[in-house]
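K.L.:
Chains as they are written, first to last, in the numbering used here: chain A, 1 to 261; chain B, 1001 to 1261; chain C, 2001 to 2229; chain D, 3001 to 3237; chain E, 4001 to 4246.
Calculated from the structure, these hints are not laboratory results. Wrong hints could be hidden among the right ones.
What the hints assert, rightly or not - Computed list of lysine-lysine pairs in DSSO-like fashion (alpha-carbon distance at most 27 Å, straight line):
id, chain 1, residue 1, chain 2, residue 2
1, D, LYS3138, B, LYS1028
2, E, LYS4095, E, LYS4172
3, E, LYS4172, C, LYS2016
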Amino acid sequence: MTVPTDSATCAIQVHNIHKSFGDLPVLKGISFQAQQGDVLSIIGASGSGKSTLLRCINHLVVPDQGEIHIGQDVLRSHAKRDGTMVSSDPKRLEKVRARLGMVFQNFNLWSHRTVLQNVIEGPIQVKKIAKAQASEYALHLLDKVGLAHKATAYPSELSGGQQQRVAIARALAMDPEVMLFDEPTSALDPEMVGEVLRVIRQLAEEGRTMILVTHEMQFAREVSNHAIFMHNGLCEEAGTPAALFDHPQSTRLQQFLQPLA
Amino acid sequence: MTVPTDSATCAIQVHNIHKSFGDLPVLKGISFQAQQGDVLSIIGASGSGKSTLLRCINHLVVPDQGEIHIGQDVLRSHAKRDGTMVSSDPKRLEKVRARLGMVFQNFNLWSHRTVLQNVIEGPIQVKKIAKAQASEYALHLLDKVGLAHKATAYPSELSGGQQQRVAIARALAMDPEVMLFDEPTSALDPEMVGEVLRVIRQLAEEGRTMILVTHEMQFAREVSNHAIFMHNGLCEEAGTPAALFDHPQSTRLQQFLQPLA
Amino acid sequence: MMSWDEFSYTIGVLWKGFGLTLYIGLWGIALSLLLGVGLALMRLSNQRVLRAVAFSYSTAFRGTPLLVQLFLLYYGVGMISWVKQVPFLWWLFSDGTRTAILAIALNSGAYVGEVFRGGFQAVPKGQIEAAQAIGMSAWQCFKRVRLPLAIRQALPAYSNEIVIAIKGTSLASTIAVLELTGYARRIMSQNYAIVETFVIAGLLYLAINFSLLAVIHLIERQLHLKASS
Amino acid sequence: MLETLLRILNDGWGWMFLRGAAMTLFISVLGMALGVLIGVTGASIKLNGPRWLSGLVSVYTTITRSIPELLIIYLLFFGSIHSVSQLGDFLQLEELINRWFPAAVGILAIGLVAGSYSVEVFRGALQAIPTGQIEAAKAIGMSRWQRLWRVVIPQMTWFALPGCNNVWQTALKDTALIALVGLVEIMRAAQLGAAAMREPLAMYLIAGFLFFIIGIGSQALFVIAEKYAGRGMRAVA
Amino acid sequence: ATSYKIGTEGGYPPWSMVDAAGNVTGFDADVGAALCKKLDADCQFVVQAFDSLIPSLSANRFDLIISGMSYTPERAKRINFSLPYAVEDAIFILKADTPAIKADSAESIYTDLAGKTIGVQGGTTHGAFLAKVAPKVNIKDYETLDQMQIDLDSGRLDGTFADLTSQSRFLKQMNTTDYALTETVIKGSSDPETLGYGIAVGIHKDNADLKARVDAALCELIEDGTIKSASEKWFDIDIANYDACK
Ligand SMILES: Nc1ncnc2c1ncn2[C@@H]1O[C@H](COP(=O)(O)OP(=O)(O)OP(=O)(O)O)[C@@H](O)[C@H]1O
Ligand SMILES: Nc1ncnc2c1ncn2[C@@H]1O[C@H](COP(=O)(O)OP(=O)(O)OP(=O)(O)O)[C@@H](O)[C@H]1O
Ligand SMILES: [Mg+2]
Ligand SMILES: [Mg+2]
């Protein structure tokens, strides 16, 4: 995982990311990389910076230091005169973001658009796909997550799990090379979790790369081929899920997994 | 569970609750009751109406039909002339709500108040407890969920799991007779889940009643002494968690639990 | 009270000013909307200079009466000799109607800017992040997410600025533009039926504003989204 | 120019302007307070009240906002002047009423106008509060009043402040219209001064300056208020 | 002695001004003071915006209006007027090279002005008069004389039409040879229906008794030269109406 590999197949590379909120250092130099078709799980205690890391990857949170490589593109940041960090190449950033799908921890569905409109918005506006075609694909995705019948509902009329599934469909609709999932199954029942598992596996087979923050170790174990344990703003331990979960090395990880034993 | 019992110890009784959103019937006549010290888990597919049911109990969603008994108090509803349902006795409702704690699925922390202020708001305003005393208890609770160091942060500065833990502390601070938890561990890591489990057990020992919506069967099994499986707006199956999870009777429940097998 | 003849005569005269009031008002409103949205974005931009410029503008233009601004533009700028040399400027300032439109646009724009700033501020950050995350450009994000959500919050308060702009056109009569109020004054000086004439003029303003508020109401209904989550 | 200004201020007009500024502030502050009260009440009625009442509020806001402010003052003043002076005769309070009637009309007029604008400002602000925030307050058993004071008003304030600022600035200017009822506020002081001293330009400059000072002062207060009300709300995600 | 409250505008020099201490001065003040002396009454001025003088009088907020107010039939429907104790002639200011400057009859001025833009003060009788006698003139109404005069200065107007007194004062201030007063003065008496019957004291409709006493007192003031001296003090000319009591 952190072993350098042929960069041709390297889908994403995160290099020495630092981020503080005010005085609070959250990320203190995180690096990792993932190949095409990799599914990488990020685990760690609540508040350990997993969401922040994910949001640094597409520069929704601009890192204080460090680089992100997505395929051939590099995202860098620099400080403005007043000290706030900004993305160095906003035009490129937009292009890169269109290739990165993201499912937010709190979904962030657009409240002024129906479910279907939420899903086709990106394909139509950013990828300039014809509306009919985008809608067809969107309905297919909504059907997959069991929500075709809610296509005309507004987000506020959905249950928590339904919102989460729309968020997943919305990210998939962009047909991204790399998917960033922030706890994508937190509001889902076991059946739906199984469905999401299947979708992720299928995407991986298609050669897409996935980075996944999750609290469900069982899910992480089944879906991913690599895992990272975050602690104190650093990558405390990394390896295959089996290695991590069955033979944790650091005492912190042992303690973290304790309740499951 | 649905067996009638001595009403003296019956902490909560839900009687034939119906609720539709527009044309969509969500609850079609749900009844159950729980004794003091009971922990009742509600499981069911995403969108099956679990949150709606929980919100009906404290009349955040006013049922179209049915009654809620909390101790000696009864909550009823009636239709206004324009057809919208309203709670029949708003004054009593306020009193009852003060005895019902609730953790929302999407937390609903007050964004204009700090973490500590969120927790002491209810005790001070509703229960008229002195500020010093309320703060002391609040800090104790925050410490219990590992957030004493975030007491002065605003909700927007918290991670998802941190927000959820504040929401739990806020509900506990009211010292309620009955607790309504809507997926209280969805954003929590295994360690924190274990902590919440401990808290719930302790509350049950104190004689408090808990109603718990969850997608984590393992958690439901460990924490609760009764479980309900909701399907199609009805209570499809009820019993002890062991009976429900190990020997599901209905085919729908069998199918629901399938992915875990 | 007025006789019927006096009444219909009054209406007839006032009607002559009605069109001009509408003309000044609608142009003023259209221009102030553009200016206002621009100012709101400047105030929220992360460019300090833009913020300061917009803040000073809004303080200055809201801090002084429209009448003063109108006088400064009409009598003040109109007196500067080189303004008469520049054809476009003299085209603008030689004519009371055009100067009045300009004054209303500049003044109302400052207010509209504040209203929309409030609207943009109320857009939840997550909604914008979701747009950024799929690679929308700043303009697309503005058009598709920020503006629709901001309008929804700002529309009620914006309707205030519309009616104020329409009423503001009455000041054009002070630079001798004969709109509704101008004619009303003229009639009052003839018949001294001050209250009656004034009420009739008021009703004509009411008619314009009522129609504009109805349009706003329709837009609001159209945009009315199901309760936000 | 400076000489002229000094002469004007020395001649007692300085005091006149100060009294005018005090009158402007007196009428506009009380009028605005009344307006905010009307605004919050009206907005809640429009959003949650019974249909007939919210219809009444709509009629009020539409009419009051649509007709010129001067007409409102006119109608209020001359519409009530007869009955009020009769009432004064009857109660033998002529002096008192003669003295305070104009100010009362001024405050009422400014309040009604500011109120009609405020209703819309607060309506937009109320709609912007996420429903979950209020549900959380209901769920712990807060009463209607507690919800209003503890959740609705603090959150609404943040959304409403820019619009309120506009209403205030407008109300401040509108006080110039109360000269009609015989009150000497800043603009009327300038007009009288211009006539007496034959220095219109200087007089109106002083008036503009006073307005601007009040405008900037209140602007500063609004900036502080927004900072305060925005705690935690600024980055609501 | 009885006491009267007198309504006056206060912001209209040189007719009616207030100083910083609140004392009313000007032609109106002098007439008012003299009138009260004749009536053997204590008088107190109430300063109020011109537009609200008539309604306030109707509502008994004061007893008399002395505020350079012209007696017109329309106003007379609402309040009583005393005898017109003063009359004012009107005059045009025009470009000095306009033939109308030298015209020897009012009519030839009007024909000459066709198509020209003339400023008048809104709310006065001059606008209505001009619209009637010279319909082809383009009339612009101004809120105050000052504004009208500034606009003439800035070249937006071909001329102005107003009181003889204010026009001559203004021309003096302008200090220019580009503009001049017409040689022909428009007599106030030429069309009293429109131009007004002259300046009069306003009295409440129901108070016929007071009107009689004010009329009598004004006649005495015209006769004994009080009006004349006040007029010359403030306007440099005599505008007393010697026909009023005949
Ligand atoms: N305000 C509303 N308007 C219309 N439909 C609604 C509304 N709220 C909920 N629903 C619908 O009611 C059904 C039940 O919703 P509820 O939130 O109770 O589900 P849930 O069991 O809690 O699901 P989850 O596990 O996903 O949270 C869903 O199909 C949802 O779409
Ligand atoms: N805007 C912010 N301002 C200040 N502190 C912040 C902000 N956002 C996050 N933090 C802090 O940064 C830390 C990491 O937050 P982050 O959301 O990345 O955690 P997480 O690992 O995703 O946790 P969870 O599993 O609970 O979602 C937390 O302690 C949080 O309080
Ligand atoms: Mg997170
Ligand atoms: Mg739910």
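K.L.:
Taking each numbered hint in turn, which are not upheld by the structure, reported in ascending numerical order?
P.N.:
Per hint list: single violation, 3.
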